[in-house]
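**Student:** Chain by chain, the residues run as shown.
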Amino acid sequence: MRTLRAKSIAAMSVAALVGAVAFTGSSVAQAATPKSITVWLMPDAKDFGTALADANAAFSAAYPKTKVIVEFQTWADHLKKLDAALVAKKGPDVVEFGNTEVLKYSAAGALADLSSYKPTFGNSATWLKGLEDAGSFDGKLFAVPYYAGARAIMYRPSLFKAQGISVPKSYAEFLSAGKKLMNAYGTDKDFSAVYLPGKYWYAAMSFVYDEGGAIATKSGGKWVGSLDSAASIRGLNRFKEVSDLLSKADKSGTEAAQWDVFNGGKVAMSYSNGWESCCIPKIGTDWAFFPMPSVNSGKASPAFLGGSNLAIPSYASNAKLAATWIRYFTNATQMKTIALSGAIPNNTRMLGLISGPAAPVAAAAKNSWFVPGAVKWVDVENANTLQTMLSDIATGKKTVAKAAADASDEITKLLN
Amino acid sequence: MKRTSSTTYSNISGLFAIVLMGFPVYWMVTTSFKPKGDILSTNPTIIPHSFSISNYVEAVTKEGFAKALLNSVIVVFFTVIISIIIALFASIAVARMKFKGKRIYVASILLVQMLPLSALLIPIYLLLSRLNLTDKLAGVILTYIAFVLPFVVWTLRGFLVNIPTELEEAALMDGCTKPQAYRRVLFPLMAPGLVATAIFAFIQAWNEFLLAYILLSSQDKATMPIWLAGFTNRFGTDWGPLMAASTLTAIPVVIFFSLIQDKIATGVTAGAVKG
Amino acid sequence: MARISNARRFKPWPYLLIAPSLIALGLILGFPVYKLISLSFERYGLAEIIAGEGVFVGLENFKETFTDPEFWNILKRTLFFTLGMVSVSIVVGAWLAHLMVKMHPGIRYVLNTVLILVWAMPQLVSISVWRWIFSFDFSIVTAVINSMGFEMDNHNYFVNTFSGFLIIGGCVAWGALPFITISIYAALTQVPKDLIEAAEIDGANPRQVFRNIIFPMLLPIYIILISLSIIWDFQVFSHIWIFLDSRPSAEYYTMAIYAFQKSFGLSEYGMGAAISLIMIFALVGVTGYYLRQMMRMGDE
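Protein chains in written order, with my numbering: chain A, 4 to 419; chain B, 9 to 283; chain C, 27 to 326.
Chain A extracted, bound-state conformation (with noise of 0.2 Å):
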């Protein structure tokens, strides 16, 4: 009897993984009536208000048989589950992109092209350039610009008051500010009039592009790295003036938690996202945006744009549709309530709707700057050049001149 029992229940077991397999291998694909649409978007689109409720309504008024099934992903993790998603051929319709990650896709012709619906899209001739750049290869456009977030200087208009400092015009001021404030508040040892980590290369980069000079640059076909051009190094300079003289950050450190220490009252300034006064609350309302002062007076230096679009794989059989579906998420009406919940919206017509405090970072996003448009860019990513030639110069493991001519080797190399 036992001997049975045990017997019969190992054949249970077995019969049981069989027959699962058995059983769900009999279902295969079904047929391409597109009955739904699925959307992978970034958690962050949850705090866009309802712009992604009204679009979804919108389209579904408009395609009553086309059920939308939105599936938020992770920023560390979805590219995996995407390159999965590729291998099985089958998975989202529609997918989000941070806008650095989307030309290695777009190259491979993972996407598909949607040239042709360009000017179907809501505001397409104001899209933001550093968002349609970033979604483009080879002249066809393979991801739709979502939104931006583009970086100013956030400071504390107390401390700016106390000391008699107005917002500065130019690097120059934007300088003696920052000075100003050490000498007043630099007893505390752990004061920074601008809060500036050693390895934060959006900012660094600023201070490059802003004097003219550039990461890298395509000529006759090839990447040539260039931050050893006069031009770059001067930027450089303005970033180890700044480190050395305003800054009490970690010199080895990356900005990840830079509102944090923002919020714990002993930063003046720093080149923050517009969204990151969201999380000072100990500093309350005293802080205030300004664009970071370009050395030309009275212009602002270029700043980084982040952000997203919105692609189709390549796989996807209902590209119309999809691609129907991110016109209805990114027309104007939607656009509207996104730069409204404090995001900055895909064209530059929109940008004049972020008002109050933050309107400064939206202004910044008219005069950007982006990563060079190579296929291997990522590579250079990867192998944390720029940070590592940001710490080296923070650090003052070397000079600016030899930092910046062993990045640009590197960057050669990789880029090619």
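Think of the hints as simulated: they come from the structure by calculation, not from any bench. Please note that a few of the clues may not be correct.
DSSO-like mimics (lysine-lysine), calculated; alpha carbons at most 27 Å apart, straight line [said to hold, decoys possible]: (1) B:K75 to A:K49; (2) A:K38 to A:K416; (3) B:K144 to A:K70.
Small disclaimer: the values here were computed from a predicted structure and weren't measured.
Given the structure of chain A, go ahead and fit chains B and C onto it with the hints provided.
**Tutor:** Only chains B and C this time, still in chain A's reference frame:
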């Protein structure tokens, strides 16, 4: 005399270990009660000076908490039960029987243990997608079973070989059948090992993120780790509610296992005395 | 006795007993492992994924890896790091487990609970907490040192790779301790008390009791724990990744980070597969001694 001094030493070292091991846990728990602006303080203190349950409210009321908890319980329950049963069979064969091909079986089990999960992600996805098992908890359970099995087989075997064969042989001579002998003599003695391995399988399945994330796509299939990942957006992580949710999910695990651990420890000593 | 009489005819029992595990493993891992091996001989990047098939390149992926001068440094670093973490976690785990036997039950209960709590913390959370404890701006360690009257500046513990790896390794060992301690403790409770008492009555001193009774019974568990720890610690990824802000610099590269950057960072899955196979070979080499012991044990 000697015994008391070594007990004192053990107790002091134990307290020391509790403090050192427990500090990060303490930090998680106290962080979960800090209001937003105090979480990453530039001026941290060991004893928190502010208290708020808003993180807990935020965590529990966040969409999908109950569903994710339920999904995780389902996944963990089946992973643990099935893998322990399958592994128990296999470990008895490996520890107690001679058979042809045992070496190959043992070797392959060991090699499976070395497979880096990340390298297999995409092939597994491809396989399960062909079997139509993606976006199903069953697919995740099957995969988890495959990944914890080698470990469970090995550890159970390790606990099994410690039990003298004479005990079963005596039972067999008393007229027990082999399964009876296993059930009455072996299993009670294996109990601590079973608990240790079950906890292992439990926590592996409870905390695994990457496979579940790749294999599951619907929001209502999300397991706890996937749900927890929802507190992170492109700008960073909302630590307060994340710590609160992590504390909440740790509590049932601890209660459950401290209960069975106690039960089984007494069961074992009782059995050993009788034996 | 029973064994001899049974050995003559074919016994289906052992095969029936291992069949479910073989089916489960074969079903889920058979195809992926085949795929892993075949991918290691292919160029399989995004373009090939889209085309639907890889390009056979023979041993090219392996050659590229072995000729990368960084590879050997990374392998060496990974081995040292693994060795350190394994020895610390096994020694401390064994020490704790042996103490637990003698401890006051109340303290043991609390310690057990703490161990389970440590284990139950989601990895992201536990590593992040460790990271805060040793961060530049928010470190409780620096703050405590300062509050004791020392003037310590904010300190980046990761500029020096030695202290960096010490902290990361500490976090790994801390996370591994619950499993190791609980397993050894479980094995210790299996040791029949009457056997020890009988030995003590016979005049055996504690050392003899340990060597002749406890140690042989614990050996299988130790071998399993050591080899599993080697396998796990060799593959440590998340700790380094999270501690260093998802951007570990070259001096923090271990095999797992290297494989990740080559495969997922660049979507070069053929390369990734080759490095993974190399990692498995390296692991077989490192754990060779223990594996042979385990095989022998599994064979007896």
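**Student:** For a quick check of understanding: which of the numbered hints are violated here, in increasing order?
**Tutor:** 2
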